[in-house]
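Chemist: Please take these sequences and the hints and turn them into a complete structure.
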Amino acid sequence: MTLSMKKYINQHPNLRVIIYAGKGGLGKTTCSAATSYWYAKQNRKALCFSTDPQASLSDIFEKDLFGKGEQKLAENLFVVEIDADRKITEFQEEVRQKIREMYGIDEIPKEIDEYISTSSYEPAMHESATYDAMAALLASKKYDVYVFDMPPFGHGVRMISMATILDVWIDKMAEARKKAAEYKEAEARIKGVSAEAEDAVLNELDEIRSKLDFFRETLTNSETTAFFMVLIPEKMAILDTERALKMFEKLGIKLSGVIVNQVYPVELLERKDLSEFLKHRIEMQQGYLKEISEKFGEHVRAVVPMFEKEPKGLEMIGRVAEHLFEKPNLEVLKRV
Amino acid sequence: MTGEKEKKGVSEVSKAVKEVFYGMASHAVVRQMMKTRMYLEHLFMLITLGDMLGMPILPPYYSLKLLPYALPNIKTWKRRLFKERDVTDMLY
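Residue numbers (the numbering used here), protein chains in the order written: chain A, 4 to 339; chain B, 93 to 184.
Think of the hints as simulated: they come from the structure by calculation, not from any bench. Any given hint could turn out to be false.
Said to hold, decoys possible - Far from chain A, some chain B residues (derived; all Cβ distances over 12 Å):
(1) E96
(2) K97
(3) E98
(4) K99
(5) K100
(6) G101
(7) E104
(8) V105
(9) R172
(10) L173
(11) K175
(12) E176
(13) R177
(14) D178
(15) V179
As the list claims (entries may be wrong) - A few chain A residues that face chain B, going by a derived Cβ cut-off under 8 Å, partial list only:
(16) K175
(17) A179
(18) R180
(19) A203
What the hints assert, rightly or not - Quick partial rundown of chain B residues pointing at chain A, CB under 7 Å, derived from the structure:
(20) S118
(21) M125
(22) T128
(23) L132
(24) F136
(25) L150
(26) P151
(27) P152
(28) Y161
What you are looking at is a predicted structure, and each value in this text was computed from that prediction instead of being measured. Here a beta-carbon is modelled for each residue, glycine too, at the ideal position from N, C-alpha and C.
Modeler: Below, the structure written as structure tokens:
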């Protein structure tokens, strides 16, 4: 029994996070925008957040949102498109400021300053900054629903696996740190001086870890988080979705559903004046729809048509939302 | 006056006795402990700031968060890691 998008959401009343993943260019951002639009219309405060380094929310909403923080677009509809580069610069300045304050120095040693500056080119710096922003937004609990637009699948999956790996390292570090602190205490006791107060580093580690844990727990709990994959009826997208599903499984993430996007209306085939070109494309799509139905059958939550123009602007987003939630058109899959 | 002086004398004597005992019994232990602690602290620094030496372990975003705390130890840590070692190190 296939569940439509709306039914799925009704069955999971505790949903707080909705994530769209999938290959680039298939309409993840469009679906995220449409979902937050729909929630806003249902009187739930929704935030649409793009984690894609090539974020396109600005283009979809036809407003410059890049790096401007949380922007209100309509009643209950908020959007964030973070500028990871700027986040990193700000973060580096924070670290410098902390060093200045901690040691009462005006100038940071050259070697250290260089280390801080070069870190912006390190791998995973962008992801970490985005991810930190994402976790901070989630923890703020300011919105009823968070809709995340994950970057094409490689990055998206990395974000979650990174949390797992980091957790292991932080555990190890905390352990080394605790042991060191024990030795320090014992030393002090033998010498007869009072031991120093708690370790600031351990506190910092605990803070990082609790943030990561909160993030991972939210993402892997299928009651609060829904993962949707967007695909189109084409071979590459189907293969990629299958691969992504395997990875998600490994990470302990349950797929909530699949959205089939950019489907040409099959009714067109009945038209006499249909060009050969379009006819072939529709027939090709129907073939792949069959494959999708066989492979992901019960997971398909909506079939969104190809529109006559680019889905841009609030009005078009509203139309996508209608197809996504009110007219999921799942019968298409049964017919193929 | 004299009472105070006496008290001071006594406390000085007891301090000296304490130090003698500390030197005889516990100094070696404390030294060993400090050495172990140094190893642990340096291990910790290797994990957090390993990329300073070309060993990226922790993503740099989190290294930077911990950098301010590690600052005073960086010099000695680098010196120890880059130091050439030979057999005589084992004796000590």
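Chemist: Each hint should be assessed against the structure and marked as holding or not.
Modeler: Results for each hint:
At the 12 Å boundary, the C-beta of E96(B) stays outside the reach of chain A, the nearest C-beta of that chain being 24 Å off. No Cβ of chain A comes within 12 Å of the Cβ of K97(B); the nearest lies about 24 Å off, and the non-interface call holds. For E98(B), the requirement that its beta carbon stay farther than 12 Å from each beta carbon of chain A is met, with the minimum near 23 Å. With a least beta-carbon separation of about 19 Å from chain A, K99(B) lies farther than 12 Å from that chain, consistent with its non-interface assignment.
No beta-carbon of chain A is positioned within 12 Å of the beta-carbon of K100(B); the least distance is around 19 Å. Distance to chain A confirms G101(B) as a non-interface residue, since its nearest Cβ pair spans about 20 Å, more than 12 Å. Once the 12 Å rule is applied to beta carbons, E104(B) is consistent with being away from chain A; the minimum gap is 16 Å. Remark: the non-interface label on V105(B) is consistent with the geometry, its nearest Cβ contact in chain A lying 16 Å away (cut-off 12 Å).
Listed as a non-interface residue, R172(B) keeps its Cβ farther than 12 Å from every Cβ of chain A; the least gap is roughly 15 Å. Once the 12 Å rule is applied to beta carbons, L173(B) is consistent with being away from chain A; the minimum gap is 15 Å. Non-interface status of K175(B) relative to chain A is upheld: no Cβ of that chain comes within 12 Å, the nearest being about 18 Å off. With a minimum CB-CB distance of about 21 Å to chain A, E176(B) clears the 12 Å threshold, and the non-interface call stands.
For R177(B), the requirement that its beta carbon stay farther than 12 Å from each beta carbon of chain A is met, with the minimum near 22 Å. No Cβ of chain A comes within 12 Å of the Cβ of D178(B); the nearest lies about 27 Å off, and the non-interface call holds. Residue-level check passed: V179(B) sits 27 Å from the nearest beta carbon of chain A, beyond 12 Å. For K175(A), the interface hint holds, since its Cβ comes within 8 Å of a Cβ in chain B; the closest pair sits about 7 Å apart.
For the restraint placing A179(A) at the interface with chain B, the shortest Cβ-Cβ distance is roughly 5 Å, inside the 8 Å limit, so the hint holds. For R180(A), the interface hint holds, the least distance from its beta-carbon to any beta-carbon of chain B being 6 Å, beneath 8 Å. For the restraint placing A203(A) at the interface with chain B, the shortest Cβ-Cβ distance is roughly 6 Å, inside the 8 Å limit, so the hint holds. About 5 Å separates the beta-carbon of S118(B) from the nearest beta-carbon of chain A, less than 7 Å, and the hint is met.
Using the Cβ-Cβ criterion of 7 Å, the hint placing M125(B) at the interface with chain A is satisfied: the shortest such distance is roughly 5 Å. Annotation: interface hint on T128(B) holds; nearest CB of chain A at approximately 6 Å, less than 7 Å. Given hint, L132(B) at the interface with chain A, holds; its Cβ is 4 Å from that chain's nearest Cβ, closer than 7 Å. Annotation: interface hint on F136(B) holds; nearest CB of chain A at approximately 5 Å, less than 7 Å.
Proximity of L150(B) to chain A holds as hinted, the smallest CB-CB distance being about 6 Å (cut-off 7 Å). For P151(B), the shortest C-beta to C-beta distance to chain A is roughly 4 Å, which falls under 7 Å, so the interface hint holds. The criterion of a C-beta within 7 Å of any C-beta in chain A is met by P152(B), whose closest approach is roughly 4 Å, and the hint holds. About 5 Å separates the beta-carbon of Y161(B) from the nearest beta-carbon of chain A, less than 7 Å, and the hint is met.
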